[in-house]
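S.K.: This is what each chain is made of:
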Amino acid sequence: MESIYETVIRTIGWAGLSVVVIFVPGIAVAYLLSRKDFPGKHVVSALVTLPLVLPPTAVGYLLLTVFAERGLLGPETLGFDFSILLTWKAVVVACSVMAFPIFVRTAKLAFGEVDPRLEDMGKTLGMSAWRVFFSVSLPLASRGLVAAALLGFARSMGEFGATVIIAGNIPGKTQTLASAIFTAQQRGDDASATALLWVALLVGFAIVYTTEWLSMRQSREGGRRK
Amino acid sequence: MSEAPVLFDIDLNVPLQEFDLELEYSGSPKSLGVFGVSGSGKTTFLECLAGLKKFDDGRIVFDGEVWLESAKGKRTKPMYRNIGYVPQDYLLFPKRDVRSNLESGKKRLLENGLEFEEVFGNAIETLELQSLLDRRVELLSGGERQRVALGRALCSGPSLLLLDEPLASLDSGLRRKILSYLVKVRDVFEIPMVVVSHNPIELQALCGEILVISEGKLIAAGPPNRVFTDAGVFELAKEGGFENVFNGRVLEHSGKTDIVCLESDKEETCIRLPATGIGIGDKALCSIASDDLMLSLQEPVGLSARNCLRGRIVSISDSGSRILSRLSVGEGGPEMIVELTQDAVDDLKLAVGSEVYAIFKTNSVRILV
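Listed in order, the protein sequences are those of chains E and L.
Residue numbers are given in this note's numbering: position 157 of the first sequence equals residue 157, and the series is strictly consecutive.
If you want this note's numbering, it's the position in the second sequence, counting the first as 1, plus 1000.
These are computed hints drawn from the structure, not numbers from a lab.
Note that CB positions come from ideal geometry on N, CA and C, so glycine has one too.
Heads up, a few of these hints could be off.
Said to hold, decoys possible - From the derived model, a few chain L residues whose C-beta atoms are all more than 10 Å from chain E:
#1 P1015
#2 K1030
#3 Y1080
#4 E1111
#5 N1122
#6 S1169
#7 L1170
#8 D1282
#9 S1304
#10 A1305
#11 S1317
#12 S1321
#13 A1351
#14 S1354
To be verified - With a Cα cut of at most 20 Å, we get these calculated SDA-like pairs of lysine to any residue:
#15 K1074/L <-> A129/E
#16 K36/E <-> K1053/L
#17 K89/E <-> L73/E
#18 K1107/L <-> F133/E
#19 K1030/L <-> F1189/L
#20 K1053/L <-> M1079/L
#21 K1054/L <-> P39/E
#22 K1054/L <-> S1070/L
#23 K1053/L <-> K89/E
To be verified - Label-pair distances were calculated between CB atoms; the ranges are:
#24 A46/E <-> P1223/L: 32 to 42 Å
#25 A1168/L <-> V208/E: 39 to 49 Å
#26 E1299/L <-> R117/E: 50 to 60 Å
#27 T194/E <-> E1138/L: 42 to 52 Å
For reference, chain E alone in the conformation it holds in the complex (with noise of 0.2 Å):
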């Protein structure tokens, strides 16, 4: 049987890889629902923190529907196979998308605390729209984004519902921190079981402690007024 520590070490692996993932989708995302307005705009934040709401079941069947055979980005109606479902691919894509709506509205808070009117500076002192993105928002964003992954992040940590359909439960392949808790738990196995939730809860406490912290320092130094 796989032991706790391989568990731990492989859902931080999946954990990490899907912030990697979500990381500059969801800034873009972020940037443009706090700065610009657009047609749909509603809708698009709508879209995007659905995730949030929904029973995690649900967006697991979704995903499993989406990759299905004839499913959106199934085999038949791509022409080739993603392979994705019950690997540790199915694990990434479905912790990505859980995490998505925490990273995006996070990230959308951090821009929102950088006044404006430092983007508009960056303009008239000759900035294109690029490089006042990254020379003065992202920047001045940097605390909160970080936030928004932590937080991403310890979404990813504790998914369960999503990832245990689209990529199963299989020990030592598709299994992660939270079904393994599951697993535990179902078949009495009370010692691991509380090991697990003593791991969940310090890497859980660690990041919520950090963003907090994080949080707090975004508000001080986005330079925008009071």
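Please arrange chain L on chain E, whose structure you already have, making use of the hints.
M.R.: Frame of chain E; chain L shown alone:
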């Protein structure tokens, strides 16, 4: 031969919450002042010039370059207007040091074909920024932030400087210091500037032409000493009264006083003022409040006041609460505004053309820069 285009050709119609900013102006002053009380639309005007305010109706041409022509759907983005904007709250980039802030417009300066090291060195010297370069902007005082914000604008190679209330958030001691930096910037860099302020003295010290805005409408335009003695404008500026501001050069140190010769095209006029600390031959900007001056029909004798200038009244106007008499000192020398009461005008039978003596004490003269 084609004529040089006017520097500013502006026609704005900007809807605001309480009123519309409607302003039409065309002129070529090297430094244009915009005066008005708080909430009159001054900052909006500056933001329109900077391209930071979006509106649908207007035209802005600077030095022949069309920045906005709503009729043709043309709007130049702020990054292409080549401006150096110094807002009232400076807006320095946080979490960076002074050097990094000064270098933030370097790319444009280089694109404009200027030598960055030369402009950077010039800005540092003029604004005395050398000792601040490695300091984080969060640790700077108000006056230092103002200088850095000015330096940052200058180091971006602008063709127009926009200064929003450059002295408003500083205490009185710092104001004089920063005003002297602003005068130096104007004289050393020779970049056209638009200065927005609610303080007539600052504008008189810095600008050759003034626009007065009240509730979004242009109510007066012209040289400072004409505009600020206009009855409508004088009421707006009445808190500070009218200050006669003169450029001059220190002629002599004499104990605890200095003698400064005022700049004038025709006749040299010298006044005595408290010791300035300025070297002989150097420029001095000084002011005398119009209500610190008195007039006499005869040359006074046995007076303790050290300054007595002969002149002729060129106009008398009623500003509403006070009478303002414009005096031409000597034969076509500098002009002075003297505030009088109606009683004094009647008793002395003052009229245009009357020859009078303007009297003021040494301590009534303030040195601005």
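S.K.: Each hint needs a verdict: does it hold in this structure or not?
M.R.: Hints versus structure:
Once the 10 Å rule is applied to beta carbons, P1015/L is consistent with being away from chain E; the minimum gap is 18 Å. Its beta-carbon lying about 20 Å from the closest one in chain E, K1030/L satisfies the requirement of being farther than 10 Å from that chain. Non-interface call for Y1080/L relative to chain E: violated, since the shortest CB-CB distance, roughly 8 Å, does not exceed 10 Å. A Cβ of chain E approaches the Cβ of E1111/L within 10 Å, the least distance being about 7 Å, so the stated non-interface status is violated.
Remark: the non-interface label on N1122/L is consistent with the geometry, its nearest Cβ contact in chain E lying 17 Å away (cut-off 10 Å). With a closest Cβ-Cβ approach of about 13 Å to chain E, S1169/L is found to remain outside the 10 Å limit, as its non-interface label requires. Its beta-carbon lying about 18 Å from the closest one in chain E, L1170/L satisfies the requirement of being farther than 10 Å from that chain. With a closest Cβ-Cβ approach of about 33 Å to chain E, D1282/L is found to remain outside the 10 Å limit, as its non-interface label requires.
Residue-level check passed: S1304/L sits 51 Å from the nearest beta carbon of chain E, beyond 10 Å. No beta-carbon of chain E is positioned within 10 Å of the beta-carbon of A1305/L; the least distance is around 49 Å. With a least CB separation of 40 Å from chain E, S1317/L remains clear of the 10 Å interface cut-off, as annotated. At the 10 Å boundary, the C-beta of S1321/L stays outside the reach of chain E, the nearest C-beta of that chain being 38 Å off.
With a least beta-carbon separation of about 52 Å from chain E, A1351/L lies farther than 10 Å from that chain, consistent with its non-interface assignment. With a least CB separation of 51 Å from chain E, S1354/L remains clear of the 10 Å interface cut-off, as annotated. Restraint check for K1074/L and A129/E: the C-alpha separation of about 19 Å stays at or below 20 Å, so the hint holds. The hinted pair formed by K36/E and K1053/L meets the criterion: a straight-line CA distance of about 15 Å does not exceed 20 Å.
Of the supplied pair hints, the one linking K89/E and L73/E holds, its CA atoms being roughly 14 Å apart against a limit of 20 Å. With a CA separation close to 16 Å, the supplied pair K1107/L and F133/E stays within the 20 Å bound. Between the alpha carbons of K1030/L and F1189/L the distance comes to roughly 11 Å, so the proposed pair stays at or under 20 Å and holds. Restraint check for K1053/L and M1079/L: the C-alpha separation of about 13 Å stays at or below 20 Å, so the hint holds.
With a C-alpha separation of about 19 Å, the suggested pair K1054/L and P39/E falls inside the 20 Å cut-off, and the hint holds. The straight-line distance between the Cα atoms of K1054/L and S1070/L is roughly 11 Å, inside the 20 Å bound, and the hint therefore holds. The hinted pair formed by K1053/L and K89/E fails the criterion: a straight-line CA distance of about 48 Å is larger than 20 Å. Between A46/E and P1223/L the beta carbon distance is about 59 Å. The supplied range of 32 to 42 Å is therefore violated.
Range check, A1168/L to V208/E: about 43 Å between beta-carbon atoms, so the 39 to 49 Å window is met. Checked against the hint of 50 to 60 Å, the C-beta distance between E1299/L and R117/E comes to roughly 58 Å, which is consistent with it. Here the CB-CB span from T194/E to E1138/L is close to 47 Å, well matched to the stated 42 to 52 Å.
Hints 3, 4, 23, 24 from the list above are not met by this structure, while the remaining hints are.
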